[in-house]
Amino acid sequence: MNAIAVLRQTMWSGWTDLRSVYTPTTWAFGWMVRVLCQVVFYSTLGALLGDAERARFLLVGAAVFIAVNETMMASASTTWERFSGTLSLLAAAPAGMVVVLAARSWFWVASGTLSSSIALLALAPFFGLRLGLGDSLAAVALILLTALTNYAVGLCCGSLSLRFHRLRNVFSNIALLTMTAVCGVMVPASFWPAGLQWFAAAFPASHALEAVRLAIADAPAAAVLAEAALAAGTSAVWLALAATALGWFQTDARRTGSIDFGD
Amino acid sequence: MRGSSPAFWAAARFQLGEFRRDPGTLLMLVTAPFFAVILLSVTEHGGRADLAPYAILAPAVMASIGMAVMEAGETIFRDRTAGVLEAVLTTPAPLATVLLGRIAAITAVSLAGIAECWLVGAVGFGVVVHVAHPLVFALTLAATAAGIAATGVLMAAVFVVGRNVRSFQNSLTFPLYLLGGAMVPVALLPSGVEALSRVFFLSWATDLLRDSLAPEPVAAFWPRLAAVLGLAAATFAAGSWLSHRLVRRVRRNGTVGFA
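Sequence lines, in order, name chains H and S. The UniProt record's numbering applies: residue 1 is where the first sequence begins, and numbers increase by one. The UniProt record's numbering applies: residue 1 is where the second sequence begins, and numbers increase by one.
Derived from the structure by calculation, the hints contain no laboratory data. Don't take each hint at face value.
In silico negatives: residues of chain H with every beta carbon more than 12 Å from chain S [what the hints assert, rightly or not]: (1) Trp12; (2) Ser88; (3) Ala103; (4) Leu121; (5) Leu129; (6) Ala181; (7) Ala217; (8) Ala232; (9) Ala243; (10) Ala253.
Here are a few chain H residues that face chain S, going by a calculated C-beta distance under 7 Å [said to hold, decoys possible]: (11) Gly30; (12) Arg34; (13) Thr44; (14) Leu45; (15) Leu48; (16) Leu49; (17) Leu144; (18) Asn173; (19) Thr180; (20) Met186; (21) Phe191.
Computed from a predicted structure; not experimentally measured. Beta carbons: idealized from backbone N, C-alpha and C, even for Gly.
All chains should be modelled from the sequences, with the hints used to inform the complete structure.
Spelled out as structure tokens, the structure:
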């Protein structure tokens, strides 16, 4: 089976996974209500501080980070093959498991982009953030970039979760909250000491979020593209790390016969 | 009620064992210090040192209510998956009592979040929050814990019949944080939302907890504490009634294991 056929099957499998996670009703009245409340929760900190500009900063950060939040769920969904009992079958298959595990959670990119974009565009008027058509389209495109580039970070957590599947949500939450703290979501990254700023720059989401902020502030296209390129570049490193870790998991699990046993 | 007491304590002991068997259930206590860092960074960056107690209290309250709601759903899900739910329903102990025992244990453990967040403030940001009115704080905290446990029982009762337990339980946290005024007092929310939040015990509790940390005298303490306790009692009554009704329904339909 060639790689394209493997990817097609994997993506179909991911799509059926998404349909088992949400029905249209639970997505609209469960997940989206949570998303909107989460963004409002953080944005109203601006009202508490008595600073409307700060509220808008928080709104953009919190809304864009919904895409990061959802793609970190790849950490948990990477382990679903274990619960389905298909992990050992994947290891035995000639195609191997790395491509399948790396691509199976793609639906979080789609779902994250959609819910993040809705949150930003729907809540912007309530916080005095005016987004024209061009700004909105640029924001949605860059939110897609945020989701795509952060997916690699989610996969890295997923490779750890395959080993320690009881901690699958712990890994993703720690990574997500670390990024939320230092990547310029709630406060500018410059608030933190220089060492933490370097640390934050290693995450694609730092650059992708900055690209969104620049785009809706009508900054020069070159500045937006530079941040987008940094997001893509750092993501490539994370993707290489994830592929290595998944490959290592496959080799080690075959060697020790531990593929169906974690923790 | 006397017959229920052994079931309550047995359920609480079982839940404490569950924490040891599955450390993932302590996720909210792992995330609480991160939320404290995030919220403190906002207040410090905004130059509002006076809001630091808000930023320390909020993640602790979030951890507590979040853990009760998440584990309420997980308890039903795990018991159903393991085939234990049917067995629990055949015992004389009311399901609400068993749930209350388990969720009370969860709530008691979750209060460790207060110490975690206080340490984040003190060690990470040099912000030492003093409790200006210790008695007010202690009584409000006890009432808050009762309300959180009651909310967990109500949620678990709903989850008995729900097919999509997990997607909804993951969705409940932030609406509850917002309506409970965990960080931002509900008085700052739009009036319609504020009115809705006033039927939720947590909005009264968080206001009172914040006031107990401030040096100014706490206004109308007893009526506000009564509001917290009254709404918590109403929540528990609703949870018990619902659990009784829904258990009867799934028994009659024969859908305990499949609902």
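Consistency of the hints with the structure:
| no. | hint | verdict |
| --- | --- | --- |
| 1 | Trp12 | holds (21 Å) |
| 2 | Ser88 | holds (22 Å) |
| 3 | Ala103 | holds (23 Å) |
| 4 | Leu121 | holds (19 Å) |
| 5 | Leu129 | holds (17 Å) |
| 6 | Ala181 | violated (5 Å) |
| 7 | Ala217 | holds (19 Å) |
| 8 | Ala232 | holds (26 Å) |
| 9 | Ala243 | holds (26 Å) |
| 10 | Ala253 | holds (21 Å) |
| 11 | Gly30 | holds (4 Å) |
| 12 | Arg34 | holds (4 Å) |
| 13 | Thr44 | holds (5 Å) |
| 14 | Leu45 | holds (5 Å) |
| 15 | Leu48 | holds (5 Å) |
| 16 | Leu49 | holds (4 Å) |
| 17 | Leu144 | violated (23 Å) |
| 18 | Asn173 | holds (5 Å) |
| 19 | Thr180 | holds (6 Å) |
| 20 | Met186 | holds (5 Å) |
| 21 | Phe191 | holds (5 Å) |
The structure fails hints 6, 17 (numbered hints given earlier, in ascending order).
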